[in-house]
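**Student:** Here's the letter readout for the chains.
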Amino acid sequence: MSFTAGKLRVLIATTNGPVEIQLLTEEDPVIGRCVACIGGTTETADIAAAYHAFVVRPTGVIEGRFGHACYRLDVSGRIDAGSSWQLGVLAAHALLAAGRLAQENDVADGILWVTGSVRPVDLTVGGVSHVPEKLESSLDRLKQEIKARRKVLLAVPVDNAADVSPSATKELLALGAELITVSHAQPLFYVLGMKLPEAASKGPVPVSSAVSPPQEAVSAAPPQEAVSAKPRQEAASTKPQRRVYAWAAAAALVGIVGAGAVTGIPQTGLSLLQAGGTAPPSGPAMATTASQPSQPIQPSQPRHVGVQLVPETIPFIKAIDRQRVRDEYLPAPNYKALAMTMFEIYFVSGLPSQEAADKAAMEACENLKRRPSADSGLSEIEYRCDLFASGTTVVTQRTGIAMPPLPWVNVSVQRPFVSAELPMTSQEGKDAAERRYRRASRSKALVIGPGGRFYLSSAESSPEEAMRRSLERCGYVSKSTCLVVAVDDSYVAAVPTLAKVVGFYRQDALFGVQTEERAEVARRLAASNEGWHAVALGATRRAGTKVGAISERSAVDGAMENCAMYDRDCRIAVIGPFLVEAQSAAAPQPTPGRQ
Amino acid sequence: MTTETENDFAHRADQLYAARSALADTKRPQRRFGIAEIVQFLNDPSRSLTSEEQRALFADPRLRADYRRLKAQATTFEMPALAAASSGNVNARRFDGGSITIHPSRIPGQLYVILRFNWPANSPRAMLLEGAAGDLVKRALPSADQQGEVMMVLDENNDADAGFLRLLSDPTSTGTFVV
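For the record, the sequence lines run as chains F and S. For the first sequence, position 170 (counting from the first letter as 1) is numbered 170 according to our numbering, and the numbering increases by one without interruption. For the second sequence, position 143 (counting from the first letter as 1) is numbered 1143 according to our numbering, and the numbering increases by one without interruption.
Derived by calculation from the structure, the hints in this document are not laboratory data. All residues carry an ideal CB built from backbone N, CA and C; glycine is no exception. Be careful, since some hints might not be right.
[Said to hold, decoys possible] Taking CB as the label site, the calculated pair distances span: (1) S:R1047 - F:A527: 20 to 30 Å; (2) F:Q414 - S:P1104: 29 to 39 Å; (3) S:A1059 - F:E421: 27 to 37 Å; (4) S:E1078 - F:I320: 49 to 59 Å; (5) S:P1142 - F:D508: 48 to 58 Å; (6) F:E104 - S:T1172: 55 to 65 Å; (7) S:A1059 - F:A526: 45 to 55 Å; (8) F:S462 - S:R1106: 51 to 61 Å; (9) F:A539 - S:P1142: 34 to 44 Å.
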């Protein structure tokens, strides 16, 4: 069944049943703001503000790709907060641009039922929650659509492959629906017969003109066979011949300089190794599309392993290296393999067997990787070589990278970076930050993990890339989400000066506070991601909260006053994203009369 | 003598009983619009004034002065009337602290009102609009986003929305943003 032509209706999966994208309307750009409404009424959807951010530059992904900055989205029902709507909305915009979105009064040729978040930086599709419930609550509607002879495509994130209810899936697939799992947005669009335009271009292009073949989601066998036909012909006429390239060109050196600035690794000449030559037959590509009950969904265990290589989703490395994987590694002849540290990539191709390629890539990495200097603060795990891809199948052992949700910065508390005020850090660490971060060149970011260790990136192509790379390293090494503290020369998190930071705030860290109150505090803090927040606790563990204050002092005073309304002997416990210990002079007690 | 005195007492007791009974039967007087109601109106974004309350407020100079004093305490920004040269309806207003624009939607009958505040972290919770004729409309505001923007979708066919839009586009109206 093909989804490459005809009008598709997009259904966003929710736990309350599918929510239909009814209208997607280009509004006058002079409005300067996108909006999401319910059913064409004036009721704004909960996702309205997030939708605006998802569309417009610099945070969004729509304006840069489709050339328009102001839309109105009308959905058939409520979509609660969260980001699982993003992949469906991105698909709707692409279909609209191609004239293929079935809107309210259109007759649809097919249905796209979709859930998944989209990371704006690289269009990685992230896992979402409650997938079994979402599918269950959509079953009746999907059956109706199939009964009405409309083709149905289900799209879920790779991370949720194991969550898809086997019974529901079996039932739908038996009726003729198709299911794909994606870890990046582009494979979904290949299935839809489109190539998502790069940022700043005007619209999707037909798949026939796309440079790269589908790498992850493949809806039918013939296209995959067409892709592999050329290497087979080459194999018949070309004798194996291993070639080695030393990439000492300026472009490669830029990467080395950047990484060196980050890690303190002594600079050397090589960052990429490529071997080329004969192309033995390609191995069968792993299709993640299921269209028959006899092809159960394969969960990715661990994350990403076993899926097809999508260069834009490779963690840790620079965007320029991702592009090299796209431009040089993917088209390279088999057998090939890609190994990497957290800073550099090494790949080989044209070897006589996959085993030989895997081994050669790891050897190249081990022999050529740069070593950290004593002052780098780099852990062994960060420069350990890992076989990331065997051929075009991801086999990395580096899984489980904990990433925080966007936005990563709190611009409303921005102030100049001062190494001496770095939270959760010893004097030695502050000195190191002064040497290695403050004096480093832009774009740069400083991230700290829950244990207080910090991770730096500098000389990056953009602040977003500096943040991403630092967060990925920190998220993998610490196995916890980390916090962006500084970008370039500014603090971009609410770093306290009125109390001593003792750790990250977590809901369960407010010991003694009743569960409901802890949850309420967490909800209030999570609801606002700008300004200063503070929480004070009293003698009987009642909490006072202040969110979105314009200064640290007013947040502290507000929380203390709020606490004093319900409790006595209040002390400040949280400032910004941190747990703190009150300094007696810093957090004055409210007067007894106010208690 | 003794009998006459006793009769007087009995008569007075009857009168007193009748008076108290009559008093007890009368309906308790309605609480008049006062300071407490003004405070409630200014502090609760969802509290609006009935037309009777508006009349009471504007009929009493002392109450009006109290209202202005309390409003000033809760005010973050004030939106002045436009210059005398302005005539007809307007679709943009500026104030010290931000701006408001009104745009038609492609959906018939709907309009977008966009408020932009220069200081996002402390955006107001409600807006009061006062017409030159003394009419008063209050509108609860959604939270501003990180850029300090608030977007409202309004329906010209909805009475409350129409009243708000009428005052907003009236250059002689004034506005107050309250926290």
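**Student:** Determine for every hint whether it applies to the structure shown.
**Tutor:** Here is what the structure says about each hint:
no. : hint                         : result
1   : S:R1047 - F:A527: 20 to 30 Å : holds (23 Å)
2   : F:Q414 - S:P1104: 29 to 39 Å : holds (36 Å)
3   : S:A1059 - F:E421: 27 to 37 Å : violated (58 Å)
4   : S:E1078 - F:I320: 49 to 59 Å : holds (52 Å)
5   : S:P1142 - F:D508: 48 to 58 Å : violated (31 Å)
6   : F:E104 - S:T1172: 55 to 65 Å : violated (41 Å)
7   : S:A1059 - F:A526: 45 to 55 Å : holds (47 Å)
8   : F:S462 - S:R1106: 51 to 61 Å : violated (35 Å)
9   : F:A539 - S:P1142: 34 to 44 Å : holds (37 Å)
Going down the numbered hints, you'll see the structure goes against 3, 5, 6, 8, while the others check out.
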